[in-house]
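Undergrad: Letter by letter, the chains look like this.
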Amino acid sequence: MRRISYLKAINEAIQEEMERDNNVFVIGEDVGEYGGVWGALRGIYEKYGAMRAQDTPISESGIIGLATGAAMAGLRPVAEIMYMDFLTTCMDPVVNQAAKADLMSGWQLKIPMVIRTQYGIGTREASQHSQSLEAWFMHTPGLKVVVPSNPYDAKGLLKASIRDDTPVIFMENRLLYNDIQDVPEGTWEIPLGKAKIVHEGEQITIVSYGHALKKVINALNEFNEISAELIDLRTLVPMDIDTIIESVKKTGRILIAHDAVEKCGAGAEIVRLVIEKAFDYLDAEPLVCGGLGVPTPFSGKLEDICMLRTEAIVGKIQYLLTGII
Amino acid sequence: MRRISYLKAINEAIQEEMERDNNVFVIGEDVGEYGGVWGALRGIYEKYGAMRAQDTPISESGIIGLATGAAMAGLRPVAEIMYMDFLTTCMDPVVNQAAKADLMSGWQLKIPMVIRTQYGIGTREASQHSQSLEAWFMHTPGLKVVVPSNPYDAKGLLKASIRDDTPVIFMENRLLYNDIQDVPEGTWEIPLGKAKIVHEGEQITIVSYGHALKKVINALNEFNEISAELIDLRTLVPMDIDTIIESVKKTGRILIAHDAVEKCGAGAEIVRLVIEKAFDYLDAEPLVCGGLGVPTPFSGKLEDICMLRTEAIVGKIQYLLTGII
Amino acid sequence: MLTRMQKIQMLKSMMIIREFEALIKKLYKEGDVEGAIHCYTGEEAVAVGVCNALRKDDYIFSTHRGHGHAIAKGCSIKKVFAELMGRETGLCKGMGGSMHLFDIENGLMGGNGIVGGGIPLSLGTAYASKYKGSDRVTVCFFSEGASNQGTFNESINMAALWKLPLIFVCENNLFAATTPSYKTLSHPDIAKRADGYSIPGIIADGNHVLDVYEKTCKAVNRAREGEGPTLIECKTYRVEGHCMVLKDLPQHRPKQEVEGWADKDPIDILEKELMQDEGLEKDIREQLYKEIQQEFNEAVQYAKTSPFPDINEFMKIANSRYQLCEE
Amino acid sequence: MLTRMQKIQMLKSMMIIREFEALIKKLYKEGDVEGAIHCYTGEEAVAVGVCNALRKDDYIFSTHRGHGHAIAKGCSIKKVFAELMGRETGLCKGMGGSMHLFDIENGLMGGNGIVGGGIPLSLGTAYASKYKGSDRVTVCFFSEGASNQGTFNESINMAALWKLPLIFVCENNLFAATTPSYKTLSHPDIAKRADGYSIPGIIADGNHVLDVYEKTCKAVNRAREGEGPTLIECKTYRVEGHCMVLKDLPQHRPKQEVEGWADKDPIDILEKELMQDEGLEKDIREQLYKEIQQEFNEAVQYAKTSPFPDINEFMKIANSRYQLCEE
Ligand SMILES: Cc1ncc(C[n+]2csc(CCOP(=O)(O)OP(=O)(O)O)c2C)c(N)n1
Ligand SMILES: Cc1ncc(C[n+]2csc(CCOP(=O)(O)OP(=O)(O)O)c2C)c(N)n1
Ligand SMILES: [Mg+2]
Ligand SMILES: [Mg+2]
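Residue numbers (the numbering used here), protein chains in the order written: chain A, 176 to 500; chain B, 176 to 500; chain C, -5 to 321; chain D, -5 to 321.
Take the hints with a grain of salt, since some may be wrong.
[Unchecked claim] No farther apart than 30 Å at their CA atoms in a straight line, the calculated lysine-lysine pairs in the DSS-like style are these: (1) C:K284 - C:K266; (2) D:K20 - A:K476; (3) A:K476 - D:K310; (4) C:K298 - C:K50; (5) B:K452 - A:K424; (6) B:K389 - C:K23; (7) B:K424 - A:K425; (8) C:K6 - C:K20; (9) C:K241 - B:K222; (10) C:K19 - B:K476; (11) C:K249 - C:K186; (12) D:K241 - A:K476.
In short, the hints are calculated from the structure, not lab data.
Chain A with its partners taken away, still in its complex shape (with noise of 0.2 Å):
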């Protein structure tokens, strides 16, 4: 198997996809020529032509309501925004239309579109370029959210978002760009909400998605002996409680860890799912870590406290195993 980076896994997937169905088209600031600033659509511009590799104002609302009105008359846009920060620009078309349009209409329209975002934390850039907001829009009814960790999920999980009829908001990080992984060619894809068990294990379940992944998979490294079952929920919308719920039938114990801010992130809506569907199995109680719940400061040495911590992991996993803090 040939060996791609987390881009190109995501190119792939567009380019197929493109290639099988003629109305797929990608949309966004800087996607045509220079096939966006993350350079995930190289090449698509050469190949496809200006309209099915559309160049864009700084115009996050039109870009969005663009999709939302090609989706309604048949086309399924895959848009770029550039950091999930700007969505803040275009909440409007993401909840209020793309996610609403079908139900309102009373099902006679799909709503088959992509909304590709960059997330994450870690790059100095301060707290306009650093959110993780995946919660939001787990909190819309009407909207999908997948989040890839890797570069084979990155182009099964992209392949299935494009072919899926309702929205999607897929989160890709910017510090998983240059990961590089086996990935098959082909026309397989990754079905939205189904979790990967990374590994299989006895005495805790971890449940992380995305970059967050890899801090926790840093902490496991810190323990000389565990048997830790992780997690990689791949989606977090729809979510595969089923896997989360048997796995901690099985361990007794469970922390999530993601980037994003504890607050109503997505950990704690797990801990509630959880605590719903298998208090009688725990041995202890579900935790979560996830960044610091301030606006991101741009100093290198503030930021590094601000983000989900190796060591805030281990801290808790270890509490979560002893009891002890």
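Following the hints, put chains B, C and D with the ligands in place on chain A, whose structure we already have.
TA: For chains B, C and D with the ligands alone, coordinates are given in the frame of chain A:
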């Protein structure tokens, strides 16, 4: 004492603060001569003139941006956004500007501003006029979130919000506007971050806020004999978690009820905190009862089943007390 | 050139909208219709003039004040009544309601509860036409209040840039909710803004259906030829209050203004022209009125006797669409 | 009228900005400066021309490309260096960084990481001036890319409507990130849009500091007199790539264009004019250069030896501001 409506309480709070501090002003659509479409601001234009009761175009980002900038210059704006659903059109000024400016400036700035907004469901206005989005703002470090459930609290909390030096999302429910209650005159306020124990009880803790509280009270009335401790949160950020925890330690059972959908809602957050802080005191799993996780359909028959339902609250209380579904 | 018959049809369409709103007001008072209802009364010439310049397969995007657009675009009146009454047989199975009328078969791509929310959506169908090499045009309706939303700037620039087959129709009815437009528009003519985007900005007499029609035809031609968008501002007047529950302030309804606009009633104007130019019979309006009432009686009957949406059916769909079973 | 001395000061200011950016690029490569850094090189005449028409207590709103604005508005160079290096002694104690420079004492109300994000904020300080009866004006800087954000429409309309003392300065530098402006502007002149809002839309030569200065003075007078906002479009050129990590496509930097703008270098232009009109000595630029380097050496030394923010101190403030203790 005089009995006044929720609407009148809001009006009084604002007028008293405008009287006390020349820097306080109101701004928003139809808030001038008309006094706001909900009528909360009647008489202010006449008394204080157009600059302090500023009618605006339909430009929510402009309104909230202006308010933020005015706060930077030392004013204390109280902006009105007609429906919470419309905050989708101005998330950037709320989330990336107002919430973050004080930190970004290295604390050179304070941003004393209130965004009054009206939320809720139940008036057959369909999916774009039925949302309760407090969780988004709880998930955004830098904002306070206040949700009064009655006229007394509305007045006391609004006064405190206006006096607060940070941005406050102040949520009012249209179905509460005509509620009447004893409300004292004068300079008192209710501190942000203090919950109210509506009544004490031993068997179960019920946490709610805003209009949902009424449904909880209705639900409790369905029980012949029950000793429930009912907590009105009043403010979601800062949250009075101590009062909740103390109560749960006593009752061992907790239900959180709100209008918002359950996924990643305020309830999930409270479950997370209760689990973290009082796991060993729990006799049953903490549960959340919220709205159905769908965009709200128009037809009354369907809307009714999408709302937080009294029967659902009753069912969950019953389950928590008896273990029987 | 419009035939006499076509003009009479336009007269009838305007009358249907007028009577529809009158009846909806009544049904609202009687409790058969609920929710947020915004009447189109007085603005009929805009929807009718514009939609008559369109094909059935052309797209329109509507607003919160959308009954007139739906009717003019050819939606079944029965289904509109049923939708407003929240019935299973409604245009959107009772899911949308007054502010969210969708009828994809007739090119009605939805009303909108968010002021200015429909404007960027209209880019999408127009983009799709260009993408597919189809000559279907898109009309985006909005009123002067919406012209102050950010989406206006973003959308008009994008449409102009790519010469999309899109016509922006601003229904300048001089009010946004309770606020008169002189308090919200820094320039009284929205059309003026078109210059900044290198597209034509046209003012039409929004109470003169033939003027609206002709100017729209021109814009439609332009759009179909691939020459890009046009902004048409139709000057008209919101005769009723904003919605069922908001009354206007008397100082914003000066007697003279109200009377001036009453003299410019779009239905009267067309009727008069038809009498003068086409020798229209004197009693034709009465005849049409009767036809309409007859049709309405049946439609309302149909709507009232239609079932409400089935809860189990809804829950079944909702479960799979929104993964409620997770909970 | 500007004195010779003032003009030389302007020359020096532009040179400071130019050299500042050069040094920052170096510091970035050496790892002393991190994050998203956008150079103002080539656009110096705009910031310097505009800010020289302002008082210290006038407000400006800056952008992601804000170093030039900060320097021109009189911020301490030391503190700007320190901020970009994330130090406790920085303008914002290291909390803001390059895109978020605030210096309230000097009227710098913040850069912005959100394109178009600062525009509506500028309404607020302008509103406050009017509210308090103060004659402080506000300048809102943004580039042509931001003119396509919704906030542009909303803000310019509101400012015009209420005659706020606000000057919109569009730095049309022909690029937004990697995209040349002809791909994003339906009309090449942003100034043209002013007509739609009944305010003056002025074009200035953004590489000619005196032209910018004079046109700004006029707009400032207008604003101080209560006559309302002006939109000034400064035509200029982004000489560098968008930021440290994004390179331009060669096809978007035609040799001729690059050379044409090189011939219009704002520092050269002013120098030449000063020589012609004011008999400026030939070596003055070299002298100024030396002064600047001297100043920079000290400033960088200061910044580099300044401490990073204290984590405990931060956590203490954060705990009370964000109620972290809840957790
Ligand atoms: C974003 C947003 N802001 C405010 C409202 C509340 N609202 C509904 S209709 C309306 C007035 C709209 O005025 P205009 O655009 O002129 O349309 P008209 O009612 O005149 O047809 C307002 C303020 C809304 N629905 N959406
Ligand atoms: C809302 C938003 N969209 C996109 C970006 C990413 N971005 C940062 S700067 C920039 C280009 C800005 O162009 P322009 O406004 O012309 O400013 P210039 O860089 O030319 O000074 C873009 C697209 C952003 N920061 N914010
Ligand atoms: Mg209007
Ligand atoms: Mg630019």
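Undergrad: Which earlier hints can't be squared with this structure?
TA: none
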